[in-house]
Amino acid sequence: MNGFAYWWHRTQPVDHAILIIGVLFLALPIWMIFASSGYPPEYLIQNGVQFWPGDQLIQTYDSVLHDRRGFTQQITATRMLMNSFILGIGFAVGKIVVSMMAAYAIVYFRFPLASLLFWLIFSTLLLPLEVRIIPSYKVVADLGLLNSYTGLIVPLIASATGTFFFRQFFRSVPEEILEAARLDGAGPWKFFIDILVPISKTMIAALFIIMFVVGWNQYLWPLLMTTNDDYVTIVYGIKSVMQNIDESRIPEYNRGFALAILALLPPIGVVLIFQKMFIKGLLESDK
Amino acid sequence: MARLELTNISKVFAGQTRAVDRVSLTVEDGEFVALLGPSGCGKSTLLRMIAGLETLTEGQVDLAGMRLDTVPPSKRDVAMVFQNYALYPHMTAFGNMAYALKNRGVTRDAIRVRVEQAAQLLQLTELLDRKPSQLSGGQRQRVAMGRALVREPQVFLFDEPLSNLDAALRGQMRVEIRQLQRTLRITSVFVTHDQIEAMTMADRLAVMNQGRLEQFGTPLEIYHRPATQFVASFIGSPPMNFLSPSLLPIPLPEGTVTVGIRPEHLTAEGAHRLPAGHCLLIEELGSEAIVHGQLPDNQMILVRVAGDHRRVIGDSVDVGFDVHHLHCFDAQGLRVEQ
Numbered sequence: 184m185n186g187f188a189y190w191w192h193r194t195q196p197v198d199h200a201i202l203i204i205g206v207l208f209l210a211l212p213i214w215m216i217f218a219s220s221g222y223p224p225e226y227l228i229q230n231g232v233q234f235w236p237g238d239q240l241i242q243t244y245d246s247v248l249h250d251r252r253g254f255t256q257q258i259t260a261t262r263m264l265m266n267s268f269i270l271g272i273g274f275a276v277g278k279i280v281v282s283m284m285a286a287y288a289i290v291y292f293r294f295p296l297a298s299l300l301f302w303l304i305f306s307t308l309l310l311p312l313e314v315r316i317i318p319s320y321k322v323v324a325d326l327g328l329l330n331s332y333t334g335l336i337v338p339l340i341a342s343a344t345g346t347f348f349f350r351q352f353f354r355s356v357p358e359e360i361l362e363a364a365r366l367d368g369a370g371p372w373k374f375f376i377d378i379l380v381p382i383s384k385t386m387i388a389a390l391f392i393i394m395f396v397v398g399w400n401q402y403l404w405p406l407l408m409t410t411n412d413d414y415v416t417i418v419y420g421i422k423s424v425m426q427n428i429d430e431s432r433i434p435e436y437n438r439g440f441a442l443a444i445l446a447l448l449p450p451i452g453v454v455l456i457f458q459k460m461f462i463k464g465l466l467e468s469d470k
Numbered sequence: 002m003a004r005l006e007l008t009n010i011s012k013v014f015a016g017q018t019r020a021v022d023r024v025s026l027t028v029e030d031g032e033f034v035a036l037l038g039p040s041g042c043g044k045s046t047l048l049r050m051i052a053g054l055e056t057l058t059e060g061q062v063d064l065a066g067m068r069l070d071t072v073p074p075s076k077r078d079v080a081m082v083f084q085n086y087a088l089y090p091h092m093t094a095f096g097n098m099a100y101a102l103k104n105r106g107v108t109r110d111a112i113r114v115r116v117e118q119a120a121q122l123l124q125l126t127e128l129l130d131r132k133p134s135q136l137s138g139g140q141r142q143r144v145a146m147g148r149a150l151v152r153e154p155q156v157f158l159f160d161e162p163l164s165n166l167d168a169a170l171r172g173q174m175r176v177e178i179r180q181l182q183r184t185l186r187i188t189s190v191f192v193t194h195d196q197i198e199a200m201t202m203a204d205r206l207a208v209m210n211q212g213r214l215e216q217f218g219t220p221l222e223i224y225h226r227p228a229t230q231f232v233a234s235f236i237g238s239p240p241m242n243f244l245s246p247s248l249l250p251i252p253l254p255e256g257t258v259t260v261g262i263r264p265e266h267l268t269a270e271g272a273h274r275l276p277a278g279h280c281l282l283i284e285e286l287g288s289e290a291i292v293h294g295q296l297p298d299n300q301m302i303l304v305r306v307a308g309d310h311r312r313v314i315g316d317s318v319d320v321g322f323d324v325h326h327l328h329c330f331d332a333q334g335l336r337v338e339q
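Residue numbers (the numbering used here), protein chains in the order written: chain A, 184 to 470; chain B, 2 to 339.
Please keep in mind that the hints were generated in silico from the structure rather than gathered at the bench. Bear in mind that the values here come from a model prediction, so they are computed numbers and not experimental data. Do not take every clue at face value.
If the Cβ cut is set under 10 Å, some of the chain B residues that face chain A in the computed set are [as the list claims (entries may be wrong)]:
| hint | residue |
| --- | --- |
| 1 | Gly41 |
| 2 | Val72 |
| 3 | Ala80 |
| 4 | Tyr86 |
| 5 | Tyr100 |
Glycine included, each C-beta is placed from N, C-alpha and C at the ideal position.
Sequences and hints are given; from them, build the entire structure.
Structure representation (structure tokens):
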């Protein structure tokens, strides 16, 4: 056995131990929430968070998904998941579309003040939603978009980060590709759809992952925007379940935990699906 | 009849010197013309102006008797092969070749027929389903050619298409491109900085320097009768020797400041002798050798000799020349006729 192989075999268990500790550190709390969602809330109040799954797992999830709750007794977790999905997908797709088009204009068209405009867009990175939340709310309210998906999504989709990423990416596309496309008779629109969008596939997948998760986790904006239970998202829903102390009952921790687990699944799914595409795209791409 | 006429073309980039300076030349129908020059001489800019990728500052381009420079690039009947091929990375070889036709509204069946024809011509039939990243350099080069070919353009433009290939492949592609162009008889303009490419492929070649057209003629005209000292020094390898007239034992035409003579024209049998010098260095190439000699007043000369010369460093270099091999240039670097 040569030195390298010896060293490799020696260090592998240590490496693995470190990795396993890291995984446990991240995954154990989630497991405990999952396990605890199988107990009645009274039991959890008395005995704390549990390590082994309780016997009411199926009951809890069934009731969370199908029982109508909320202020108007009209909303199920299924509906909340759907709302979150619409918000997450609308948010991610909207951001990608808007920022790709903005970056396309900035990189490929010469117009007066182009770079000034770019830096103007870029500087809005410094202004998070929270800073402009009152004016944004006012605008949306005046447009009559409160309690609508449009009002939930549209004010959030302008993206300086996305524009910046796409700008950098477009600038790395060789100019000859544009020239070849021009000679091949592609106008600006065709070049964008036929050439630029397909070669940006990996960028799009990467941004989609990030943006979907950000959109899914939006809390403050949906909280302000929606007063109607029909538009409650799941992240906001968890909070309202935990706060539900009307009728002098204790908070339904098991339902809250179940909602948290349900809220985790779609982002994980999106990451898993797009990660594959993302890596595949990275390996294939050759500009 | 795709006769390409450039009249007094200039290109001035914003606030800079003239990249192209009043160039006029005519490419006859079916002719293969090479634009040759050192990097930065304006040859690529000239080509890009023909393609419509750059605007003209002055002058006019006509193709087949019609004004071309006012037509947008997509409407010009001109196809271009780029140095780095510029294939669309997400499309298959077929898709790359079909794209221009698709944009022109050619029917699906007609596209298939034309692409397959071109693929057969270029031996690409097996590779049509592959993406550019799955092709070798030479195969990508062929796809780029195919993309230009399927459009059946009036003019082919090549922008240093062989410079990314290795030497063996370059030699092979040189022959292939030339044969293809002969078969199809498509008017072609080929930009290169490699004189061997230009000499071996072109019907006529245009030598450019600092934006100006120095000489336009057949390869042999340019080799035998270079119009300027720049052309004389740029064409030929090893390069021409430039000597001061005082070294030569014969009367020279009025106004001559420099005399050029090619290394292959300095021989032991020459009718007139150069002063004897000594040998500083010998580059052995097998079939021949290049002798670097030093003449009495520190003038360096190159002499091309046969491979079995048996000279060693320090030997005397005693060579002669024939008058008709001399090239005389005046103070402006222009040729002086003898």
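Here's how the hints hold up against the structure:
The restraint placing Gly41(B) at the interface with chain A is violated, with a minimum CB-CB distance near 18 Å, outside the 10 Å limit. For Val72(B), the shortest C-beta to C-beta distance to chain A is roughly 12 Å, which exceeds 10 Å, and the interface hint is violated. At about 7 Å, the closest approach between the beta carbon of Ala80(B) and any beta carbon in chain A falls short of 10 Å, and the interface hint on this residue holds. This hint holds: Tyr86(B) has a C-beta 8 Å from the nearest C-beta of chain A, less than the 10 Å allowed.
With 10 Å as the threshold, the beta carbon of Tyr100(B) comes within range of chain A, its nearest partner Cβ sitting at about 5 Å, so the hint holds.
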